[in-house]
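Trainee: One letter stands for each residue in the lines below.
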Amino acid sequence: MGKILINARKISRVYQMPAEVIKAVDGIDLQIQEGEFVSFMGPSGSGKTTLLDVLGCLDRVSSGQLEVLGEDISTAKEGKLARMRRGNIGFVFQDFLLISTLTALENIELSLFFCGLKDRQKAKSLLEKVGLEKRFHHLPRELSGGEKQRVALARALAISPKLLFADEPTGNLDAKNGQEIFDIFRELNKRGGLTIIFSTHNAKLGSQAGRIVYLKDGKSVSRQESNLF
Amino acid sequence: MNACLVGWKNLRRKKIRSAFTVAGVAMAVAVLVSLLGFDAGYQSALNSDVDKMGYQLLVTAKGCPYEAATLMLKGGGGLRSMEQSVYEKISGDNRVDMLTPQLVTVVYDKQKNDGQGGFWMHMGILRSYLELKPWIKLDSGNWFSSEDSDEVITGYQAAEARKVKIGDETFVPLSGAKLKVVGIFRRAGTEDDKILFMPLKTAQRIFKQQGKLTGVGIKLKQLSDMVSFEEGLYNEPGIQVISLAQVKGTIFNLISSARAMTSSVAIIAVIIAVFGVVNTILMSVFERTREIGVMKAIGASGFDVFRIIWTETILICVLGGFFGNILAVLATGAVEFVIRRLIPYAPSGPLVLLTPKILILSFCGAVSLGLAAGVYPALKACAMKPVESIRWGE
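Chain order of the listed sequences is W and V. Residues in the first sequence are numbered from 1 upward in steps of one, following our numbering. Residues in the second sequence are numbered from 230 upward in steps of one, following our numbering.
Next comes chain W alone, as it looks inside the complex:
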């Protein structure tokens, strides 16, 4: 049995709105071990993104206990969450979210810079690894959707993370590019042993994960209860 990287006990994330209280994540218990390849599946509004945010230390839980990489971050403030993210956690977003004024290479170097590293060679080799050796000096607007997501993936991998979170990473890509990106994820997990947690609407891709967590109304449910298939 692998080392437990994430241990969530009855975690909730509640948003207090003027007219109502929204429970985006509602009492979820979850353990994720080193080397796992986990997909969160569920309809829109089921809490996939919010769960990724709190597990990835981008957001705090409202209640419950959450340990990430052995650190209890249930009540951690932004400073501690930032330290947890730095050098430990990589993110890939549906909208790619590259820095538009920086080239592909610089986007990766920026990630290294925030971790106090200067390693242009590593940035280049990561871009080569995702098949973008001819796109080093291209700005995001000069890249296709698939290429942008590859840059975003290379950026996430630059810091050699222990955990990789991906929120609908193929959501803005066509089937071919989506499958290619997913294949890279699978390769990273199988060969590199990288722990990957991603959310998807795509049943075909989601089912290729090692473990599927079905979500509905912020709760973890069984496959049958999710009404997805």
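If you are wondering where the hints come from, they were derived from the structure by calculation, not from laboratory data. A virtual CB, placed ideally from N, CA and C, is assigned to each residue, including glycine. Please note that a few of the clues may not be correct.
[What the hints assert, rightly or not] Partial list, derived from the structure: chain W residues whose beta carbon lies under 8 Å from chain V:
# : residue
1 : Tyr-15
2 : Asp-59
3 : Ala-82
4 : Arg-85
5 : Arg-86
6 : Phe-91
7 : Leu-110
8 : Phe-136
9 : Asp-183
[Claimed, not checked] Here are the simulated DSSO-like pairs of lysine-lysine, each with C-alpha atoms no more than 27 Å apart in a straight line:
#  : chain 1 : residue 1 : chain 2 : residue 2
10 : V       : Lys-409   : V       : Lys-291
11 : V       : Lys-392   : V       : Lys-409
12 : V       : Lys-450   : V       : Lys-366
13 : V       : Lys-450   : V       : Lys-318
14 : W       : Lys-162   : V       : Lys-318
15 : W       : Lys-162   : W       : Lys-3
16 : V       : Lys-441   : V       : Lys-407
17 : V       : Lys-614   : W       : Lys-77
18 : W       : Lys-124   : V       : Lys-238
19 : V       : Lys-394   : V       : Lys-362
20 : W       : Lys-190   : W       : Lys-176
21 : V       : Lys-409   : V       : Lys-362
22 : W       : Lys-77    : V       : Lys-366
23 : V       : Lys-392   : V       : Lys-430
24 : V       : Lys-339   : V       : Lys-366
25 : V       : Lys-609   : V       : Lys-244
26 : V       : Lys-362   : V       : Lys-291
27 : V       : Lys-409   : W       : Lys-80
28 : V       : Lys-238   : W       : Lys-122
29 : V       : Lys-392   : V       : Lys-448
30 : W       : Lys-3     : W       : Lys-80
31 : W       : Lys-134   : V       : Lys-238
32 : W       : Lys-80    : V       : Lys-614
33 : W       : Lys-204   : W       : Lys-216
34 : V       : Lys-423   : V       : Lys-409
35 : W       : Lys-122   : W       : Lys-162
36 : V       : Lys-423   : V       : Lys-437
37 : W       : Lys-219   : V       : Lys-244
38 : V       : Lys-614   : W       : Lys-23
39 : W       : Lys-118   : V       : Lys-238
40 : V       : Lys-477   : V       : Lys-448
Got chain W sorted already, so can you dock chain V onto it with the hints?
Mentor: Chain V only, in chain W's frame:
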């Protein structure tokens, strides 16, 4: 990769907006530099003018002391006259090192300035005038042949303007007198360059001022005697003693209202520039909310974000400071031209003196303003929560 590169690339994202913000800072810095340059230049030029009068005290007929001193400095009509016996009395005082009597008369010449008309300043002097002003030398010709000869020595500019050379005869307008040019002084860089000098007695005769003087310039042996010397002459009828140190202070007071106004304009310009910078950076932060969220998601600390935004502000102010200094240097001539027409008395030397100290000080001031102006936008960016920023606008 560094914060400077990220900041620079972001400023280039909205080139026009960034350029306008830099221009705003540059204008403010240019105004500030010009103002400081004017302060330094005016003081230096006035000091030089007063020092080149060669004496510390001026005795004139009673009247407005500062008007008299300004007329002596700048030239102009309306000087009152006093009895020459005052000069003889003062010359017997053993505290006096040197002194020189003067009779200044200003005559209108309708032929001057290519027929546009203008004034010529004539001064009757003794040889002691040159002893008090040793830097005034003859460029050509000789000193007057006698104490009441019909001869004239012209200042350098006066000779050029009247197109005269040694041996020529020149008329004194209105008086009908004809004087022979016997000498031309070297350029002194003072009002002396514009004056027509003649023997004191000749001036008194031509201008019908026998036994009269408009002033006596005095240099004391010891500056510490100045107060007691002034007090000694205080009760003399019909005369007044003007200390040129006081004149300097008074002329400064005369232009202090203009300085206060330009200082206010400079301060307002700087404040507007600072608000411009804050506004630009705040807009930039607002527009980049998602990018700032992403930076935090990929490992940036609050300090990293603060540093990037702060660097952008500093870059704007560094560029503004740099171009502001260049603008101020290039515009010196125009600023001097305008100031000369605005202030009541403008000394002969350069009015705007841009020293390296002023340029460095203004540049550092601009950078300091950048440091201050960047704090608020940088803190705003630093305080952004990553998850809210990333989902912003969705």
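Trainee: Determine for every hint whether it applies to the structure shown.
Mentor: Verification of the supplied hints:
The interface hint given for Tyr-15 (chain W) is broken, as the beta carbon of that residue sits about 11 Å from the closest beta carbon of chain V, more than 8 Å. This hint holds: Asp-59 (chain W) has a C-beta 4 Å from the nearest C-beta of chain V, less than the 8 Å allowed. Taken as an interface hint, Ala-82 (chain W) checks out: its beta carbon lies about 5 Å from the nearest beta carbon of chain V, inside 8 Å. Look at Arg-85 (chain W): its Cβ gets to within about 6 Å of chain V, closer than 8 Å, so that hint holds up.
Interface hint status for Arg-86 (chain W): upheld, as the beta-carbon distance to the closest one in chain V is roughly 4 Å, under 8 Å. The restraint placing Phe-91 (chain W) at the interface with chain V holds, with a minimum CB-CB distance near 5 Å, inside the 8 Å limit. Interface restraint check: Leu-110 (chain W) against chain V, minimum CB-CB distance 6 Å, threshold 8 Å, status holds. At a threshold of 8 Å, the smallest CB-CB gap from Phe-136 (chain W) to chain V is about 13 Å, leaving the interface hint violated.
Evaluation of the Asp-183 (chain W) hint against chain V yields a violated restraint, the C-beta minimum of about 23 Å exceeding 8 Å. Only pairs whose Cα atoms come within 27 Å are accepted, and Lys-409 (chain V) paired with Lys-291 (chain V) is rejected, the gap being roughly 34 Å. A C-alpha spacing of about 13 Å is found between Lys-392 (chain V) and Lys-409 (chain V), which places the hinted pair at or below 27 Å, so the restraint holds. Between Lys-450 (chain V) and Lys-366 (chain V), the direct Cα distance comes to roughly 24 Å. Compliance with the 27 Å bound is thereby established for this hinted pair.
A C-alpha spacing of about 17 Å is found between Lys-450 (chain V) and Lys-318 (chain V), which places the hinted pair at or below 27 Å, so the restraint holds. Between Lys-162 (chain W) and Lys-318 (chain V) the alpha-carbon distance is near 102 Å, which puts this suggested pair outside the 27 Å criterion. For the proposed pair Lys-162 (chain W) and Lys-3 (chain W), the alpha carbon gap of about 12 Å is at most 27 Å, so the pair holds. Between the alpha carbons of Lys-441 (chain V) and Lys-407 (chain V) the distance comes to roughly 21 Å, so the proposed pair stays at or under 27 Å and holds.
Proposed proximity of Lys-614 (chain V) and Lys-77 (chain W) is supported: the alpha carbons are some 11 Å apart, at most 27 Å. A C-alpha spacing of about 20 Å is found between Lys-124 (chain W) and Lys-238 (chain V), which places the hinted pair at or below 27 Å, so the restraint holds. Taking the CA atoms of Lys-394 (chain V) and Lys-362 (chain V), the gap is near 23 Å; set against the 27 Å cutoff, the hint holds. Of the supplied pair hints, the one linking Lys-190 (chain W) and Lys-176 (chain W) holds, its CA atoms being roughly 21 Å apart against a limit of 27 Å.
Simply put, Lys-409 (chain V) and Lys-362 (chain V) have alpha-carbon atoms about 23 Å apart, close enough for the 27 Å limit, and the pair holds. In summary, the hint linking Lys-77 (chain W) to Lys-366 (chain V) is not supported, as the alpha carbons are separated by about 82 Å, beyond the 27 Å threshold. Of the pairs offered as hints, the one joining Lys-392 (chain V) and Lys-430 (chain V) holds, with about 26 Å between alpha carbons and a cut-off of 27 Å not exceeded. Distance restraint check for Lys-339 (chain V) and Lys-366 (chain V): the Cα-Cα separation of roughly 30 Å exceeds the 27 Å cut-off, and the hinted pair is therefore not satisfied.
Only pairs whose Cα atoms come within 27 Å are accepted, and Lys-609 (chain V) paired with Lys-244 (chain V) is accepted, the gap being roughly 23 Å. A distance of roughly 25 Å separates the Cα atoms of Lys-362 (chain V) and Lys-291 (chain V); the hinted pair therefore holds under the 27 Å criterion. Distance hint between Lys-409 (chain V) and Lys-80 (chain W) is unfulfilled; the C-alpha atoms sit about 95 Å from each other, more than 27 Å. Restraint check for Lys-238 (chain V) and Lys-122 (chain W): the C-alpha separation of about 22 Å stays at or below 27 Å, so the hint holds.
Straight-line distance between C-alpha atoms of Lys-392 (chain V) and Lys-448 (chain V) comes to about 35 Å, which puts the hinted pair past the 27 Å bound. Of the pairs offered as hints, the one joining Lys-3 (chain W) and Lys-80 (chain W) holds, with about 22 Å between alpha carbons and a cut-off of 27 Å not exceeded. Distance restraint check for Lys-134 (chain W) and Lys-238 (chain V): the Cα-Cα separation of roughly 22 Å lies within the 27 Å cut-off, and the hinted pair is therefore satisfied. Straight-line distance between C-alpha atoms of Lys-80 (chain W) and Lys-614 (chain V) comes to about 13 Å, which keeps the hinted pair within the 27 Å bound.
Our distance criterion of 27 Å between C-alpha atoms is met by Lys-204 (chain W) and Lys-216 (chain W), whose separation comes to about 19 Å. Only pairs whose Cα atoms come within 27 Å are accepted, and Lys-423 (chain V) paired with Lys-409 (chain V) is accepted, the gap being roughly 17 Å. Annotation: proposed proximity of Lys-122 (chain W) to Lys-162 (chain W) holds, straight-line Cα distance about 17 Å (limit 27 Å). Taking the CA atoms of Lys-423 (chain V) and Lys-437 (chain V), the gap is about 22 Å. The hint holds against a cut of 27 Å.
At most 27 Å may separate the alpha-carbon atoms for a hinted pair to count; Lys-219 (chain W) and Lys-244 (chain V) exceed this at roughly 48 Å. A hinted pair counts as satisfied when its Cα atoms are at most 27 Å apart, and Lys-614 (chain V) with Lys-23 (chain W) qualifies at roughly 19 Å. Proximity of Lys-118 (chain W) to Lys-238 (chain V) is assessed by CA-CA distance (about 19 Å); at most 27 Å being required, the pair is judged to hold. Between Lys-477 (chain V) and Lys-448 (chain V) the alpha-carbon distance is near 17 Å, which keeps this suggested pair within the 27 Å criterion.
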